[in-house]
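Chains as they are written, first to last, in the working numbering: chain A, 1 to 295; chain B, 1 to 440; chain C, 1 to 296.
Some hints here could point you the wrong way.
To be verified - Derived EDC-like pairs: lysine to aspartate or glutamate, alpha-carbon spacing no greater than 16 Å straight-line: (1) A/Lys100 x C/Glu89; (2) A/Lys93 x C/Glu75; (3) C/Lys179 x A/Glu251; (4) B/Lys309 x A/Glu223; (5) C/Lys127 x C/Glu75; (6) A/Lys274 x A/Asp135; (7) A/Lys205 x B/Glu311; (8) B/Lys308 x A/Glu118; (9) C/Lys201 x A/Glu257; (10) C/Lys247 x A/Asp135; (11) C/Lys287 x B/Glu196; (12) C/Lys179 x A/Glu118; (13) C/Lys64 x C/Asp98; (14) B/Lys309 x A/Asp135.
Think of the hints as simulated: they come from the structure by calculation, not from any bench.
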Amino acid sequence: MNAIPHADIDRRKFLGKLLDKGSNPFDGVEEVQETGEKVKLLSVDGFVVEIDKAYLKPVPELPAASPIDSRKGIEGKQFVMVIDLSRCKNLKKCQTACNKMHFVSEGQNWVKIYSMKESEHTAPYWQPTTCMHCDEPPCVKVCPVDATFKRQDGVVLIDNDRCIGCRFCMAACPYSTRVFNWDAPILPKESAQQAYSPETSCPPKIGTVGKCDFCPDMVRKNELPHCVSACPNGVFFFGDINEDTVTNGSETVRFSELVRDKSGYRLMEDLGTKPRVYYLPPVDRLFKYEDGLKQ
Amino acid sequence: MKSSADLQAIPQHELDKLMPQPFGKRGMWWVIVLSAVCVVGIVAYVRQLMYGLSVTGLRDYASWGIYISNFVFFVAVSLVGSLITAILRISNVTWSAPLTRIAEIIAVSSIVFASVIIVVDMGRPERFMNLFIYGRLQSPILWDVIVITTYMALSVLLLYFPLLPDLAIVLKSGKLKRRLRKLYEFLGTFWIGTPEQHRIKEKAINLLSIIIIPVALAIHTVTSWLFATTYRPGWDSTNFGAYFVSGAFLVGAGAVVVAMYAIRRAYSLEFFITERHFDRMGKLLVMLSLLYLYFNINEYLVPVFKMKKSEAEHLSSLFTGEFSLIFWPVIFISMVLPVIVLLFPAGRRPLPMFVIGILVVVGAWFKRFLIVTPTLLHPFLPMTDVPESYKHYFPTWEEWAITMGSLAGALLIVTMFIRLFPILPIDDIIKGEGYEKESA
Amino acid sequence: MKKRVRSIWLAWGLAFLLPVLAPGQEAPRIEVKVDLNYFQVNNESPYLTTKVRTRTESGWMPVKWVIVNLFLNEETKLGMMGNVTTDEEGRGKYILPDKFRAAWDSLDQFTFIGRILSDEKVVDTRKIITIRKTRLVIDAETVDSVRTMRITFSEKQGAEWRAVPEVEWKPFIHRTFGKLPMTEDYLSTDDAGIAEIEFLKSIPGDKMGNITVGAILEDHDDYGTISGTKSVAWGLPLVTNTNFFEKRTLWSSRDRTPIWLLVGPNLMILFVWGAIGYLVYLLVVLKRIYRKSLAK
Numbered sequence: 001m002n003a004i005p006h007a008d009i010d011r012r013k014f015l016g017k018l019l020d021k022g023s024n025p026f027d028g029v030e031e032v033q034e035t036g037e038k039v040k041l042l043s044v045d046g047f048v049v050e051i052d053k054a055y056l057k058p059v060p061e062l063p064a065a066s067p068i069d070s071r072k073g074i075e076g077k078q079f080v081m082v083i084d085l086s087r088c089k090n091l092k093k094c095q096t097a098c099n100k101m102h103f104v105s106e107g108q109n110w111v112k113i114y115s116m117k118e119s120e121h122t123a124p125y126w127q128p129t130t131c132m133h134c135d136e137p138p139c140v141k142v143c144p145v146d147a148t149f150k151r152q153d154g155v156v157l158i159d160n161d162r163c164i165g166c167r168f169c170m171a172a173c174p175y176s177t178r179v180f181n182w183d184a185p186i187l188p189k190e191s192a193q194q195a196y197s198p199e200t201s202c203p204p205k206i207g208t209v210g211k212c213d214f215c216p217d218m219v220r221k222n223e224l225p226h227c228v229s230a231c232p233n234g235v236f237f238f239g240d241i242n243e244d245t246v247t248n249g250s251e252t253v254r255f256s257e258l259v260r261d262k263s264g265y266r267l268m269e270d271l272g273t274k275p276r277v278y279y280l281p282p283v284d285r286l287f288k289y290e291d292g293l294k295q
Numbered sequence: 001m002k003s004s005a006d007l008q009a010i011p012q013h014e015l016d017k018l019m020p021q022p023f024g025k026r027g028m029w030w031v032i033v034l035s036a037v038c039v040v041g042i043v044a045y046v047r048q049l050m051y052g053l054s055v056t057g058l059r060d061y062a063s064w065g066i067y068i069s070n071f072v073f074f075v076a077v078s079l080v081g082s083l084i085t086a087i088l089r090i091s092n093v094t095w096s097a098p099l100t101r102i103a104e105i106i107a108v109s110s111i112v113f114a115s116v117i118i119v120v121d122m123g124r125p126e127r128f129m130n131l132f133i134y135g136r137l138q139s140p141i142l143w144d145v146i147v148i149t150t151y152m153a154l155s156v157l158l159l160y161f162p163l164l165p166d167l168a169i170v171l172k173s174g175k176l177k178r179r180l181r182k183l184y185e186f187l188g189t190f191w192i193g194t195p196e197q198h199r200i201k202e203k204a205i206n207l208l209s210i211i212i213i214p215v216a217l218a219i220h221t222v223t224s225w226l227f228a229t230t231y232r233p234g235w236d237s238t239n240f241g242a243y244f245v246s247g248a249f250l251v252g253a254g255a256v257v258v259a260m261y262a263i264r265r266a267y268s269l270e271f272f273i274t275e276r277h278f279d280r281m282g283k284l285l286v287m288l289s290l291l292y293l294y295f296n297i298n299e300y301l302v303p304v305f306k307m308k309k310s311e312a313e314h315l316s317s318l319f320t321g322e323f324s325l326i327f328w329p330v331i332f333i334s335m336v337l338p339v340i341v342l343l344f345p346a347g348r349r350p351l352p353m354f355v356i357g358i359l360v361v362v363g364a365w366f367k368r369f370l371i372v373t374p375t376l377l378h379p380f381l382p383m384t385d386v387p388e389s390y391k392h393y394f395p396t397w398e399e400w401a402i403t404m405g406s407l408a409g410a411l412l413i414v415t416m417f418i419r420l421f422p423i424l425p426i427d428d429i430i431k432g433e434g435y436e437k438e439s440a
Numbered sequence: 001m002k003k004r005v006r007s008i009w010l011a012w013g014l015a016f017l018l019p020v021l022a023p024g025q026e027a028p029r030i031e032v033k034v035d036l037n038y039f040q041v042n043n044e045s046p047y048l049t050t051k052v053r054t055r056t057e058s059g060w061m062p063v064k065w066v067i068v069n070l071f072l073n074e075e076t077k078l079g080m081m082g083n084v085t086t087d088e089e090g091r092g093k094y095i096l097p098d099k100f101r102a103a104w105d106s107l108d109q110f111t112f113i114g115r116i117l118s119d120e121k122v123v124d125t126r127k128i129i130t131i132r133k134t135r136l137v138i139d140a141e142t143v144d145s146v147r148t149m150r151i152t153f154s155e156k157q158g159a160e161w162r163a164v165p166e167v168e169w170k171p172f173i174h175r176t177f178g179k180l181p182m183t184e185d186y187l188s189t190d191d192a193g194i195a196e197i198e199f200l201k202s203i204p205g206d207k208m209g210n211i212t213v214g215a216i217l218e219d220h221d222d223y224g225t226i227s228g229t230k231s232v233a234w235g236l237p238l239v240t241n242t243n244f245f246e247k248r249t250l251w252s253s254r255d256r257t258p259i260w261l262l263v264g265p266n267l268m269i270l271f272v273w274g275a276i277g278y279l280v281y282l283l284v285v286l287k288r289i290y291r292k293s294l295a296k
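Input sequences plus hints: build the corresponding full structure.
This is how it looks when you write it as structure tokens:
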């Protein structure tokens, strides 16, 4: 563990830990003899960093959250998302990033971008949907084996080691957010060998259900979910309602003020599912609807 | 109860027909064909085990298809056991007594294959035990697991208790081959027919008849709740339990009609299964068809009147859209037509009854398909951003093979039962229960 | 005949070999733009980020897997700090190594040089930035329930630290996923290098009401990106409510099944299976009668 060649680094487990204060060369109290050999690492914010081998300390391997922690959720957090429809141009960068990071099968998406048009005379708009992470989740209600569950931080997850593949949750979800691994997922070798955790949803498993998980593995490292950081237009705001703050990476705003000032709403409020994803209506749009058709 | 004078009216050669008999040539072919269909189904299932549910036509929207509709069909058919045996018994209807065992074996084999097919639908059948290890009572699936297990136990008992005296009668006749005799001895040596044993048997059957009714209603109501507990258009209905139960009685009665015709023909049982039985089953079918039509009108007319946006798309796909070619035949051929035909005495004769019975059963199978899949293809959010193949559902050959295999399997169980055991309750018939002469 | 066959084979072989043997027609090396940025947080060890982009028809595109060599002050072996390879987004990050600490402590001003040299795909490029060494102090005080955050900013000149006026800071509240701005406006330092802001917000903090406030100077030509933070008890104490999670609801896990759902169905199960048990018992009774009759 002293020297880690780049390829062997398990990104999801290793990310960030090395660059915490403790391993910062300047803070190092003890004298370190440099070897001159450089090792590439990926930092917290996604940069590749070069560090002299000597600075690599044997960091206790940071495993994905244990099954028990995965089920409990992160204490003191209440995650929430705000999707600003006035900024969406159907670029699908969110979708691409999400599909790539979660190895979503061909043709399936966890983030779906709907072309919406409510009625004849209303204007069409683009509506990205993630899992709504409902506070009254109909999918969790119907699961016979506790394979999908609600956590104290609000996130609804799936344990693919337990799922029996009955697909009742898919029928129960009014937002059609869930997808099924009909085929064996195609995975790079490292990902296939990775230890499964409901927080990473990786490696995905055949015969079980998958869906947007709010990237709890990223969130545990105080990083934004992949869709949020992938969107160039800042459509997705993510944050902790306990901090009353959401951010899209470049703008950080008070959640309560954003939702109040821009008339935030939730999808299918009448069903009583109490989603955790809020929408800002498509007013004062940055792009024309037609711009989204060009892709 | 008939007087003892009537008993002597049953000629011995007619009674002999009630004994289990080896298959004839037609019987052999019937078994071979059924077994072949089963084998093809098993081959298809092996493929599904190897490649996962991707061998099916199911995709994210139509995530339930003919496996689930077939499951609902089996559960529906199995309800007939409680109808013919229990409900008619406790309402003191005696004419149906000769049909009870037919109804009960249909019930048992259907409920067995309902369980089989639901495992087939699972993405991870090897995790079946999770239902017991991690089962949570909030899920209607667990309720279904519980009531189906319970109903299976009750149905087997309801098949077994009335069989006891007959086992003794057949054993006594001494016509059994060695291996079959072993089976009979295992199952029924202890029946010696003392008055006390008869009293206990009657008590058990009475208790079963009462208990099985709420459980039977529960299996199909809970099965309907698998759908009705969701928000989906076409499923979001408080009417669903009653709608399913009434449909189940109809298809179950239809199945019994088909079976009694086939058994009557195969074993020349005209003496016992008379035209009067057909006549009465015909009247019952009319009533059940009307009942089911009533619930259908409720299920469709009320949402049609309101035409809520989400319901509207679903309904128009049924009435005029891609499912209309199944929807209208199901309504008219398997619900309206039986009422019209069976209202005429000539329509209640055995052959027309048999044809109508088949129409009812086949229609009921497609009806279950119409309940399950069209709804899933009309979600709240539009089906954009998915491959074209996700927007429609066509079952693959594997799905058809497995479904047909399960249906053939259920028929095979019924057939083997008829081969091994007396299909009519001999003891009851000798005692005159439900036995009616043509002239009566 | 045989000969002809052989010559055909030879022709085939040549056809495949020629393109390999011919001098490679390499794709022209592309022109790129290298950005170099300097960051310092809480006066701790600084780091550099680099971004390599190229102009295409569809705008600026990141250039990945390019090695950028980094030098301090002079482009010599002595000034060589190290190198960094850009990631998929064309970005790289580099923390200043310890061996330059001496230079770091003594100098007032640094020149950082980012250099792409002899890359297969990219034209040799150089980017130079000059950064002056600064110090940022964040103070927070509460006087008569007026809460004030003070920024003191100075730059190194020889042995002294001289106040820097007219630098525009963004005051913020540190949040898990970002910096929540305290105001819409910038905060400018005065002649003493000081800027103050009254903290007016009521905003949730941690359980003790602690929040982290701070200020950031973004992408300054002379100073780079400088930020500092301080923890203060200016937030509203967070009342975590996990009641909803503890409740017995229809969506809870199985250990929190609603009582009515435990009692009702289990009573029914008990009743019906009790009856089934009784029926099995009746079978046993039937057998007993048989055995008795045998004994007779």
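Here is what the structure says about each hint:
no.: 1; hint: A/Lys100 x C/Glu89; result: holds, 15 Å
no.: 2; hint: A/Lys93 x C/Glu75; result: violated, 39 Å
no.: 3; hint: C/Lys179 x A/Glu251; result: holds, 8 Å
no.: 4; hint: B/Lys309 x A/Glu223; result: violated, 40 Å
no.: 5; hint: C/Lys127 x C/Glu75; result: holds, 11 Å
no.: 6; hint: A/Lys274 x A/Asp135; result: holds, 5 Å
no.: 7; hint: A/Lys205 x B/Glu311; result: violated, 34 Å
no.: 8; hint: B/Lys308 x A/Glu118; result: holds, 13 Å
no.: 9; hint: C/Lys201 x A/Glu257; result: holds, 12 Å
no.: 10; hint: C/Lys247 x A/Asp135; result: holds, 12 Å
no.: 11; hint: C/Lys287 x B/Glu196; result: holds, 12 Å
no.: 12; hint: C/Lys179 x A/Glu118; result: violated, 36 Å
no.: 13; hint: C/Lys64 x C/Asp98; result: violated, 27 Å
no.: 14; hint: B/Lys309 x A/Asp135; result: violated, 25 Å
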